[in-house]
Structures are given as C-alpha cells and as structure tokens.
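Colleague: Using the sequences and the accompanying hints, generate a full structural model.
Protein chains: 2
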Amino acid sequence: MAAESADPTRILVAVNQSTIKGYPHASISRSGAFEWTVKKIIRSNTSGFKLLFLHVQVPDEDGFDDMDSIYASPADFMIMKHRDRIKDSSFGVAGEAWVKKGDPKEIICHEVKRVQPDFLVLGSRGLGPFQKVFVGTVSEFCAKHADCPVIAIKRNVAETPQDPVED
Amino acid sequence: MAAESADPTRILVAVNQSTIKGYPHASISRSGAFEWTVKKIIRSNTSGFKLLFLHVQVPDEDGFDDMDSIYASPADFMIMKHRDRIKDSSFGVAGEAWVKKGDPKEIICHEVKRVQPDFLVLGSRGLGPFQKVFVGTVSEFCAKHADCPVIAIKRNVAETPQDPVED
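Residue numbers (full-length UniProt numbering), protein chains in the order written: chain A, 1 to 167; chain B, 1 to 167.
Wrong hints could be hidden among the right ones.
Using 20 Å as the maximum straight-line C-alpha spacing, the simulated DMTMM-like pairs for lysine to aspartate or glutamate come out as follows [said to hold, decoys possible]:
id, chain 1, residue 1, chain 2, residue 2
1, B, Lys39, A, Asp118
2, A, Lys144, B, Glu140
3, B, Lys105, A, Asp118
4, B, Lys39, A, Asp7
5, A, Lys39, A, Glu96
6, A, Lys105, A, Asp147
7, A, Lys39, B, Asp118
8, B, Lys144, A, Glu140
9, A, Lys105, A, Glu140
10, A, Lys101, A, Glu111
11, B, Lys113, B, Glu96
12, B, Lys144, B, Glu96
13, B, Lys100, B, Glu111
14, A, Lys105, B, Glu111
15, A, Lys39, B, Asp7
16, A, Lys39, B, Asp147
17, B, Lys39, A, Asp103
18, A, Lys50, A, Asp147
19, A, Lys100, A, Asp147
20, A, Lys113, A, Asp103
21, A, Lys50, A, Asp103
Source of the hints: derived by calculation from the structure; they are not laboratory data.
Modeller: Dropping the structure here:
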C-alpha cells in the first residue's frame, strides 16, 4: 500500500515577486511555502520527491523591463540559490528551476499543463477578512483551474510585515 | 534542512458520504483523496505521518436519522476499515478515525481548529465547467476558511460514474 513507487512525487513550487514592491523583489510568502513543503511533506524522504521551482516574473506595466536584464536579476540569484540547495548533498532533493514572464495565474496554469506535476504549492498571504478581498486571487484561480491538486500555504499573521512594501 | 522533525506530519482527511445518494453511502471522490495522499505524499515514509480520518455524516433533512443507528452504519465499517488498515503493519501509518454529524464545511473547519492538523485533504469531483457551478463548495469554503493548508484532490473525469446516484 505505502510502497515507494518508482517515480518521485513531482512538486511544482510557484515563486513570484512582491506584488506591491514589484519585480525583482521576492515575495516573503512564497519562501514560506517552500520551507513548509520541505518540513511537512518531504521530511526525510528526499529521494521520494522532485522539486520544480517556477519563478514568475511580471512584466513592467509600461513595457520597459529591459533595465532588469542588465542586472543579474534577483530571480536569477534565487534560482541559483535553489540550484545550490538542490546540489547540496545535505538537502538531497532533485530539482529544477526556471523563469517565465507574464500573468502569474495564467503562467502557473500553463506550466502545470506543460510539466504535469503531481501537485502545486502556492504561497498566499495570511490576511484579515477585509484584505482578503484584494489578494489571494492567484491561489484561488489556480485551485480552481490548474490541472493538478493545489495546496496554498497561508502565512501566519505574525510573519506579515507591518509595511506592505516589505512584502 | 530536510531532517526529520520529532513530530509526524498530521494529515486530516475529511471523508463524507455521497451528496446525491445520501448517508450512509460513501462518496467515491473521498476515497480517491485518501489513496492519492498515501501514494503521493506519504509514499514509503510511514513513520513521518499521522492520518486523521474525519467522517462527516449529514443529518437527514426531516430529522429522522434514528434508523441509521439501528444498523452498524457503513460509516462505522469505513472507520473499522481505516482502523484495520492503520493497525496493518504493512501500511504502518499511525492514525485515528471518528465521526461528526452536521454541515460538512462547518464541521471540517471546526475540527481543523480543534485537532490542528498540518494540512487538510479533501476530495472534490472533477466535473466540467458547467457542473462546477453546483459542486465543490465544501472544498472552496474550506480552502478559504480552514485554519490550515488545504489540498483538494480532483477526481479524473474517467472515474466519475455515469449515473450521479452512484457517486
């Protein structure tokens, strides 16, 4: 029943940048989702899982995002960090990381269709009922439309920065 | 990083009866959610997880559900089956199972508050866009309101019975 199947469970972790501060700042909630996955799902069974990190980059509204490509972008650094972690034998989970540009919910659903993960992990902000109206649309959309099971990791209110610009 | 923490990951699996056929018929989609959890999450790491089976029984609308208690209900049998499975050393995952009566979404959110699982697994029917309007409210409600991460396991369309009464 609980015998290990041949193929590892493939987990797609969608990472985006801060919605308020904008690209290239990573959203805190997304790293929380990754840490949660390792701690609660993968645990010590590093050979049983494969991590797929999808970094979604939202293009600037004015269309001028050429500047970003001059710098080695923080998204690149995050991918390197994930790759380093993946290579780090003390972590030991197989993985891949890549970047796509566009509307996060469309990109995520498209990539789910393409890579067919066993499930998708998304971070979402743990906000009050009032704030909930304005956020969380990416995870709600994906829970409904992605072609695989979706788990949204809400952040503790205690971990929410006072200043939303820091998010 | 991926070191096993002392406490196992506690997974609440909510099991309800068929919405159409009514209590005491188990919903097919719910057993799919359980099988998925074992295959894709627990895998061979049986000591890393604890399964909590919440069976939700919806009271008859007319209030006469005394008849049900005359029979050893199928819910009882399901719990016994889960308990047997839990005791079966070839499965080897620690677990508990219990029944609550009431509105599934309210019961589930209440039990999440009470037992504080690491995450909640729910089955949901894999239906077309038209049918989606009428179903899936339990998982959508819980994804929004439960005080823990929620993963909804959609059933393959191929596994959906032709006759909804069989569901």
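Colleague: Give a verdict on every hint.
Modeller: Hint check results:
| no. | hint | verdict |
| --- | --- | --- |
| 1 | B:Lys39 <-> A:Asp118 | 10 Å, holds |
| 2 | A:Lys144 <-> B:Glu140 | 9 Å, holds |
| 3 | B:Lys105 <-> A:Asp118 | 26 Å, violated |
| 4 | B:Lys39 <-> A:Asp7 | 11 Å, holds |
| 5 | A:Lys39 <-> A:Glu96 | 19 Å, holds |
| 6 | A:Lys105 <-> A:Asp147 | 13 Å, holds |
| 7 | A:Lys39 <-> B:Asp118 | 10 Å, holds |
| 8 | B:Lys144 <-> A:Glu140 | 9 Å, holds |
| 9 | A:Lys105 <-> A:Glu140 | 9 Å, holds |
| 10 | A:Lys101 <-> A:Glu111 | 12 Å, holds |
| 11 | B:Lys113 <-> B:Glu96 | 17 Å, holds |
| 12 | B:Lys144 <-> B:Glu96 | 25 Å, violated |
| 13 | B:Lys100 <-> B:Glu111 | 9 Å, holds |
| 14 | A:Lys105 <-> B:Glu111 | 31 Å, violated |
| 15 | A:Lys39 <-> B:Asp7 | 11 Å, holds |
| 16 | A:Lys39 <-> B:Asp147 | 18 Å, holds |
| 17 | B:Lys39 <-> A:Asp103 | 32 Å, violated |
| 18 | A:Lys50 <-> A:Asp147 | 18 Å, holds |
| 19 | A:Lys100 <-> A:Asp147 | 18 Å, holds |
| 20 | A:Lys113 <-> A:Asp103 | 16 Å, holds |
| 21 | A:Lys50 <-> A:Asp103 | 25 Å, violated |
This entry does not satisfy hints 3, 12, 14, 17, 21, going by the numbered hints stated previously.
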